[in-house]
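> Fit chain B to the given chain A structure using the hints.
Line order of the protein sequences matches chains A and B.
According to full-length UniProt numbering, the stretch in the first sequence is residues 1 to 379, in order.
According to full-length UniProt numbering, the stretch in the second sequence is residues 1 to 379, in order.
These are calculated hints, taken from the structure and not from any lab test.
Treat the hints with care, as some may be off.
All copies of an identical chain are treated as equivalent in the list; a pair is satisfied when it fits inside any one copy or across any two copies.
[Unchecked claim] Lysine-lysine pairs mimicking DSSO-like chemistry, simulated, CA-CA at most 27 angstroms apart:
# : residue 1 : residue 2
1 : Lys2      : Lys13
2 : Lys222    : Lys261
3 : Lys2      : Lys261
4 : Lys349    : Lys13
5 : Lys294    : Lys261
Because the structure is a prediction, the values reported are computed rather than measured.
There are 2 protein chains.
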Amino acid sequence: MKKVFIAGAGMTKFGELWEQDLRSLMVAAAADALESSRLGIDEIDAIYVANMGGSSFAGQDHLGSLLATELGHYVPAYRIEAACASGGLAVNTAWHALSAGLYRNVLVVGAEKMSDVSGGDVTKGLARAADDEYEAYFGATFPSLYAMMARAYMHEHNADRSDLAAVSVKNHNHGSLNPKAQFPREITQEDVLNAAMVSDPLGLLDCSPVSDGAAAVVLSTKVTSVRIAASQVSTGSIRLHDRPSLTSIDATKRAAAAAYKQAGISVPDISLAEVHDCFSIAELIALEDLGFAKPGDASKLIKDGTVYRDGTVPVNTSGGLKACGHPVGATGVKQIVELYEQITGAAGKRQLKKDISFGLAHNVGGSGGTAVVTIVEHV
Amino acid sequence: MKKVFIAGAGMTKFGELWEQDLRSLMVAAAADALESSRLGIDEIDAIYVANMGGSSFAGQDHLGSLLATELGHYVPAYRIEAACASGGLAVNTAWHALSAGLYRNVLVVGAEKMSDVSGGDVTKGLARAADDEYEAYFGATFPSLYAMMARAYMHEHNADRSDLAAVSVKNHNHGSLNPKAQFPREITQEDVLNAAMVSDPLGLLDCSPVSDGAAAVVLSTKVTSVRIAASQVSTGSIRLHDRPSLTSIDATKRAAAAAYKQAGISVPDISLAEVHDCFSIAELIALEDLGFAKPGDASKLIKDGTVYRDGTVPVNTSGGLKACGHPVGATGVKQIVELYEQITGAAGKRQLKKDISFGLAHNVGGSGGTAVVTIVEHV
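Next up, chain A with everything else stripped away, as it sits in the complex (with noise of 0.2 angstroms):
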């Protein structure tokens, strides 16, 4: 098996981008992490695109045929989709071809614009990601979804809205450096808990937002700075009522278990990560599957600075889907692109001052019925 490297990176700015649409979007990032990567399109040997609702926000599928089009370059390309974990997938599965050294650089493209039908309609093809008939034809969307967990986190740990608050909070603070982000500035615990309310207790600005936006990769089996030394996929009950818990995902604890073990590392080796933090409470669930607090604990780690960009773990430095925004094709390919740029010293205004080691990205599809964990190792 081949080692795989990532070779460049790049993202085009999330947000509402009225001027831009699905193509345009894929095609900016291409270009931005081809031209990080100082490879010319004919080196790349296949092409990746992650993408969820090409067909439901955009009226476009066979995405990577399209996306070969634009580039004029063609080579293999395929469209991988595990709704919000499309992006992570879209990783492995990229990599899986690297290390059989079938491929020597690939392109990973995660894109998905959102904005161009209404809300309602984002809702329901957002509720594509869990299980139609069992869940969203009875008006279990996300946020509801997503607010029993966070109801039955708050019941078995005896926490309360400041808690998942803390969270939004963080994520624009870090966020407000980064200016490719949606909502780039800081919001207060009173702005969360004073929000509109969506699905009690997930207030407006407990939810990530609706966005649009591309992120790329360049995966490479040429030896650079920047080693993928674990990338793990593991999958849940799509149902949430069917899961062993409502306060842990246990796809992602498999995955995280199998990424540690591949990459021979453990939690504490990791100092920067991006997690999946669609809804507040996903990123406290995050924390704790992925090893870093006990179950409950999580929310001691953003008050006592440890998960700051400032602190021991910074979580999130990109803003994370809060505050970066969450493009869902695009969201896991992004956290590769923060990990990167911090990694590299390509990182801006939120370059992080110490030096990382491992980096860990999680992403998470549906309500748990995906979950991918990826750790890059700076060599």
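Leaving out everything else, chain B in the frame of chain A:
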């Protein structure tokens, strides 16, 4: 790189299956392939789902996780999409991971449920396989894109509608022996020429139907009698009007050349083929692009019996997309199922009497935006 074998294959009936939904189709095909492989579900290391229109036709994405849930087997699960080439591409993607030695046995399920939405919505959903903004938006649906190819072919090669009709007559002849075919009955050239016109020169019986169905294979690094000798993908312009020729699909030519090279064989070594006859014209073009006939000569192979089931290179013994049916995500997997069943003597009434050394499957996405060529070897 590990060698990859087919350990088992199965499929549902194709047709308008009013009693079945997308999930029950996937599960039925998976169970059929697992039974054929004599492997237990616990021996499956990953799941690959090929599907195009989960979102458009069935209101469900995240099908990898959904199938893992229905099987109660929470391994890595992938959904691969390249329009009607999703099935071939999923086999290719699974083959990458097996080649790398990352998984030992994987389940690949192709599925589509198309009959639960209106005909107009099917046409609209399918148009997302082409360039929605540059083609479908201006009324160029799939029958009309292929009709333009047919018109160009007839002009260039002095062919007529009977040359096209011969494809449908042959494939219904073959399909009449396949109990899983959507239309297991013969038709005459008169039937084809007198059928309602869909998009001139393509009549109703020049077109593959709207279908429900699923097909599955178990791929393994454990030696069996059927090896995947080559799996190659290429892309071409997703837009017909940007293609170098209207009478040839360059993606097919590139994928075929790479596949013959990878298998170390040439065209005469192929003794059985399943090719992508989404429209009658598509099979003529495929036979030429794959090297079985010179440009303009494909229909001679039908007239002289070469590609009939008692000829030297039977083509579409399953009945092809035309008679067996075309649940788009399932088609590329079904082609591999047919090759496997013919090679292992499991093809029932349609079993060929000869030994098959090499079989070829040719799967196209859109009007030629993606092509996948798989060569299987009887070892």
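> Each hint: holds or not?
Outcome of the hint check:
Proximity of Lys2 to Lys13 under the C-alpha cut-off of 27 angstroms is found in neither arrangement, the shortest distances being 33 angstroms within a copy and 41 angstroms between copies. For the homomeric pair Lys222 and Lys261, the shortest alpha-carbon distances inside one copy (24 angstroms) and between copies (25 angstroms) are both at most 27 angstroms. Within a single copy, Lys2 and Lys261 get their C-alpha atoms as close as 18 angstroms, and across copies as close as 23 angstroms, so both meet the 27 angstroms cut-off. Within a single copy, Lys349 and Lys13 get their C-alpha atoms as close as 15 angstroms, which meets the 27 angstroms cut-off; across copies the closest is 59 angstroms, which misses it.
Taking the shortest alpha-carbon separations for Lys294 and Lys261, only the intra-copy value of 20 angstroms comes in at or below 27 angstroms, while the best inter-copy value is 55 angstroms.
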